[in-house]
Amino acid sequence: MNIQKGSKLRNFHQAKWDEKVIFELSTPGERGILLPDLEPEVKAFAGDGLSSVPENMLRNDPPALPEIAQMRVLKHFLRLSQQNLGADLNIDIGQGTCTMKYNPKINEVLAASPKASALHPAQDESTVQGALEIMSSLDLFLRQISGLDRFTLQTSSGSHAIMVMASIVRKYHETRGEGSRRNEIITTIFSHPSDAAAAAVKGYKVVTVYHDETGLPDIEALKKAVSARTAALFITNPEDTGMFNPRIAEFTGIVHEAGGLCGYDQANANGILGITRAREAGFDMCFFNLHKTFGTPHGCGGPAAAALGVTRKLIDYLPVPLVEFDGKKYYLNWDLPHTIGKVRLFYGTFAAIVKAYAWIMSLGARGLEEVANIAVLNNNYLLKNIAAIKGATAPFKAGEHRIEQVRYSWEELYKQTGVTTHDIAYRMADFGFHLWSSHHPFIVPQPFTIEPTESYSKEELDEYLDGLRHVAEEAWNEPETVKTAPHRSVVHRIDESTFDDPEKWAITWRAYQKKHGKTSR
Amino acid sequence: MSKKFSETREIRKLILCPQFVDIILAKEVAVKKKKDFVHPYIPNSVPAVKEKMLAEIGVKSISELYEDIPKNLRLKKALSLPKPKLSELELKRHVQMILNRNTSCEEFTSFLGGGCAHHYVPAICDEVTRRSEFLTAYAGEPYEDAGRFQVLFEYESLMAELLDFDVVNVPTYDWGQAASTAVRMAGRITKRKRVLVADTVSPDRLAVMKNYCHPVMDLIPVDHDSETGLLDTADLASKLTPATAAVYFENPSYLGFIETQGQKVADLAHAKGALLIVGVDPISLGVLKPPSQYGADIACGDIQGLGNHMYFGGAMGGFIASRDEEKFVLEYPSRLFGIATTSVEGEWGFGDVAYSRTSFDKREKGKEFVGTAAALHGIGAAVYLSLLGPQGMRDLGRHILQKTQYAIKKLAAIRRVRIRFRSAPFKEFVLDFTRTGKSVAKINRRLLRHGIFGGKDLTGEFPELGGCALYCITEMITKADIDNLAAALKDYLR
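For the protein sequence lines, the chains are E and G, in the order given.
Read in numbering that gives the first Met the number 0, the first sequence has 418 at position 419, and its numbers run on one by one without any break.
Read in numbering that gives the first Met the number 0, the second sequence has 298 at position 299, and its numbers run on one by one without any break.
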């Protein structure tokens with residue numbers, strides 16, 4: 000590997016423990032943890048406990064879990080953790096649309112307190128006043144940030160919030176006697192796949208509006224799409240291209256005119272905090288992802304948390320309960336006339352709620368605006384530099400500025416060298432980077448999506464840029480190196496052929512043993 | 000009013016009363032003029048760096064980068080938010096001060112359950128789930144994030160042993176979502192719309208299911224026997240039709256008792272071409288038969304109790320499990336991580352099985368939807384099950400059974416208090432206080448004085464259980480805790 004002189008690129012190699020699958024570590028008789036002995040009086044009364052269970056419900060064969068001593072369990076999972084990059088170690092700007100920012104450690108310390116972690120949801124309200132206050136304050140903060148009138152924190156992720164928006168849309172039109180007539184939800188192709196999929200879950204026909212030649216959603220197509228059947232529009236702005244749709248208020252106007260509601264997917268809010276809001280753009284609902292914009296960690300794919308806000312006319316449709324304050328104490332209000340009911344057990348991802356509250360309290364109004372400003376500065380700095388890499392382009396509106404991310408393309412590079420965006424991503428792993436392509440379908444060919452957020456220093460952005468430049472250079476000069484990557488990551492090219500074959504796929508260790516014999520090692 | 004309490008009052012005033020805002024904002028502006036704002040979370044705020052980057056982009060100011068946002072959509076003034084706690088120390092004090100208004104289940108003895116319970120979380124579960132590499136990772140490829148794929152594959156595999164099924168999903172939000180999706184899966188597999196649901200299931204979960212299923216599936220309640228709580232199989236048989244997609248019950252039930260008629264229910268359902276879905280508390284499966292062994296086609300439930308703290312009901316994780324049949328696997332909306340080989344002999348690799356079924360690939364043509372859910376709780380559960388092993392799960396199940404038996408004995412001995420159902424329980428049971436003349440709310444308020452969170456009030460949840468409470472016994476409860484509870488109740492209900 001020849002790293003150019005002056006390059007910020009690291010001579011990296013990822014941890015590779017050659018770790019077995021946990022079942023292969025089992026030694027019969029080993030124990031990982033013990034329980035306290037029962038008090039003699041309990042034992043004397045209850046006997047072995049098992050005799051109380053109806054015989055046909057007693058498990059005869061114990062579950063075939065592995066038997067492993069404590070330190071070895073620890074070591075196994077620590078090794079696996081080392082085989083995972085994590086945003087704390089990575090310059091994690093290559094996971095566009097996901098707003099990979101710094102997750103402050105103080106917020107982890109605060110949320111780890113038993114005063115947060117050891118609360119039961121059915122405790123008497125007088126014993127959870129602090130928890131309810133944090134939820135209520137976060138609602139108030141988000142009302143400011145969005146301009147909307149009330150938030151629920153029950154929504155468990157962005158996709159879930161979309162499903163909940165669709166639920167509110169349905170209940171709203173049903174209440175007005177238009178439930179069956181209004182059976183379409185409109186979205187755009189550059190909005191997250193869940194804007195379409197979660198709407199369909201609620202029984203809606205999905206109408207997808209494509210973009211025009213500028214890359215922005217086509218307003219003429221929207222005009223054709225709306226009708227008396229329109230229940231709602233679910234849209235992102237800026238979309239995953241990083242382009243802000245300046246006619247967004249016209250979009251919401253067109254849908255309102257047709258009698259539909261407008262739901263704003265604010266997954267991409269990071270570049271517009273304190274700059275522009277859902278209310279002024281005419282939205283009836285919007286949601287934020289606390290695990291993206293508000294600095295709570297992504298946990299390998301959750302726990303996620305979203306906050307869904309609505310205007311006054313839709314408050315009565317929100318899921319119950321809402322947290323209220325009567326001037327003296329906080330309480331849960333279960334009484335909303337048109338509520339859609341419940342959308343998750345209990346009240347929301349409380350750990351994330353505490354962390355998001357702390358994040359906002361650390362930054363304040365000026366800090367939030369600075370977050371947006373620097374995220375946009377960083378993004379345009381990268382755009383300028385990436386557009387200059389031979390083989391990379393930023394489709395649509397070339398030479399113009401974007402908000403917080405850009406969907407780029409390696410199409411030119413691919414056409415000349417046969418190196419795909421996936422090959423490049425795998426080669427980036429050799430330098431300690433992650434690079435993501437795009438959601439499907441790939442409207443931008445050979446896509447990659449970069450969102451630098453406010454968290455990374457110029458020095459780090461330059462290091463990542465050197466990575467992209469180096470790998471692109473390799474693709475032109477020695478494409479085989481890229482096509483066979485990764486070489487210095489945890490594992491080599493995975494044989495994906497079994498994943499779509501019901502005879503061979505193995506979703507669990509026991510299924511693997513049944514289909515492929517004991518082990519392959 | 001204490002100084003500390005007045006501080007949080009201030010936050011409400013700030014936001015709700017704009018006149019206060021201006022004062023504070025004026026203060027902030029004054030600060031702004033004095034010095035530049037460089038927050039520790041935002042490195043490129045340093046003026047020299049900012050200038051350099053702006054120059055390279057070729058603009059004079061950051062506001063030029065927002066040229067696409069029309070003026071009429073631009074905010075004219077700063078957001079009305081409280082003055083920030085810029086130092087970490089002040090932030091810590093502030094948040095801790097609010098959290099200190101809570102009383103946790105580590106301070107009081109909790110007999111609360113009903114889908115979330117105070118189980119012991121081994122130290123190693125926290126050690127692993129709080130590792131930066133897992134905590135802050137998201138969606139890396141199975142190369143640089145090989146660890147994430149392997150640990151979640153192991154989670155699926157460990158749960159599969161507990162459940163005696165060959166397929167388990169990467170966790171979804173919670174049991175409510177898992178049950179909802181299981182029902183929708185059954186609808187797609189059978190191409191039918193009606194699902195019969197035991198009327199003893201958790202009202203909270205049922206509410207989640209109702210919203211998620213409307214308007215695609217219909218949920219129809221099935222009666223229970225009022226003495227035993229068990230499913231009324233005659234009512235079930237009368238409601239099963241060729242339009243029934245599935246039957247759903249929970250075991251142990253929300254009300255605590257063990258349902259013993261699983262196989263009979265399965266046979267009735269299967270005879271009509273319907274599937275059986277069973278919701279199950281996985282912590283019971285060291286001693287109780289898993290649903291797969293009495294005819295269930297799909298199992299679902301929650302992993303909160305397996306190595307995850309309660310977090311006010313916020314650390315839930317839903318699992319769905321089934322046989323490894325194509326017609327089932329292709330209906331899962333969730334990620335399913337599989338194991339494979341790589342180009343180097345002896346290496347394990349991991350990846351997505353049947354990805355093209357998901358909404359990530361197919362948008363609205365995919366199965367329901369997929370996104371970020373509860374992976375870290377799956378990691379907690381993987382560590383938990385690896386630590387406990389078969390003997391640990393057996394011991395734990397037995398321990399809980401024994402303590403529950405003891406608690407029932409002590410509490411049933413209190414005058415005018417009775418055990419509501421006569422079926423065997425696992426870790427929860429219903430105490431009936433109707434004859435005491437005191438409401439559960441009143442009794443629980445009194446128990447607070449003794450440092451006890453009494454059982455969950457069922458008044459309002461089930462019409463026939465007004466005056467009843469659901470008590471939950473975990474391994475955290477000692478004999479002394481039960482004795483204290485019994486003494487406090489005896490004293491109050493005398």
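Keep in mind the hints are simulated off the structure, nothing from the lab.
Only a predicted model underlies this, so the values are computations on that prediction, with no experimental measurement involved.
Built from N, CA and C at the ideal position, the CB exists for glycine as well.
Be a bit skeptical, because a hint or two may be false.
Far from chain G, by Cβ distances over 12 Å, these chain E residues were calculated [as the list claims (entries may be wrong)]: (1) Lys42; (2) Glu66; (3) Thr186; (4) Val206; (5) Arg311; (6) Ser361; (7) Glu502.
Derived pair list, reagent style DSSO-like, types lysine-lysine, alpha-carbon separation capped at 30 Å [claimed, not checked]: (8) Lys361(G) with Lys457(E); (9) Lys204(E) with Lys59(G); (10) Lys59(G) with Lys457(E).
Label-pair distances were calculated between CB atoms; the ranges are [said to hold, decoys possible]: (11) Thr174(E) with Lys489(G): 29 to 35 Å; (12) Glu87(G) with Pro113(E): 18 to 24 Å; (13) Thr174(E) with Val45(G): 38 to 44 Å; (14) Phe461(G) with Asp499(E): 19 to 25 Å; (15) Asp499(E) with Ser60(G): 47 to 53 Å; (16) Asn71(G) with Asp499(E): 49 to 55 Å; (17) Pro39(E) with Glu87(G): 33 to 39 Å; (18) Glu105(G) with Thr174(E): 29 to 35 Å.
Hints and how they fare:
Listed as outside the interface, Lys42(E) is inconsistent with that label: its C-beta sits roughly 7 Å from the nearest C-beta of chain G, within the 12 Å cut-off. Not every Cβ of chain G is farther than 12 Å from the Cβ of Glu66(E); the closest lies at roughly 5 Å, contradicting the non-interface assignment. With a minimum CB-CB distance of about 9 Å to chain G, Thr186(E) fails to clear the 12 Å threshold, and the non-interface call is violated. Once the 12 Å rule is applied to beta carbons, Val206(E) is inconsistent with being away from chain G; the minimum gap is 10 Å.
A cut-off of 12 Å between C-beta atoms confirms that Arg311(E) is not in contact with chain G; the least separation is 15 Å. Once the 12 Å rule is applied to beta carbons, Ser361(E) is inconsistent with being away from chain G; the minimum gap is 5 Å. A beta-carbon of chain G is positioned within 12 Å of the beta-carbon of Glu502(E); the least distance is around 9 Å. With a CA separation close to 37 Å, the supplied pair Lys361(G) and Lys457(E) exceeds the 30 Å bound.
For the proposed pair Lys204(E) and Lys59(G), the alpha carbon gap of about 47 Å is over 30 Å, so the pair is violated. The suggested pairing of Lys59(G) with Lys457(E) holds, with an alpha-carbon distance near 18 Å, which does not exceed 30 Å. Taking 29 to 35 Å as the suggested C-beta distance range, the pair Thr174(E) and Lys489(G) does not conform, at roughly 50 Å. Taking the beta carbon of each, Glu87(G) and Pro113(E) are about 21 Å apart, inside 18 to 24 Å as hinted.
The hinted range of 38 to 44 Å is not satisfied by Thr174(E) and Val45(G), whose Cβ atoms lie roughly 53 Å apart. Checked against the given bound of 19 to 25 Å, the beta carbons of Phe461(G) and Asp499(E), roughly 46 Å apart, lie outside it. The given range of 47 to 53 Å is respected by Asp499(E) and Ser60(G), whose C-beta atoms sit roughly 51 Å from each other. The hint said 49 to 55 Å for the Cβ distance between Asn71(G) and Asp499(E), and at roughly 50 Å that hint holds.
For the pair Pro39(E) and Glu87(G), the beta carbons lie near 50 Å from each other, so the given range of 33 to 39 Å is not met. In this structure, Glu105(G) and Thr174(E) break the distance hint of 29 to 35 Å, their C-beta atoms being roughly 44 Å apart.
Going down the numbered hints, you'll see the structure goes against 1, 2, 3, 4, 6, 7, 8, 9, 11, 13, 14, 17, 18, while the others check out.
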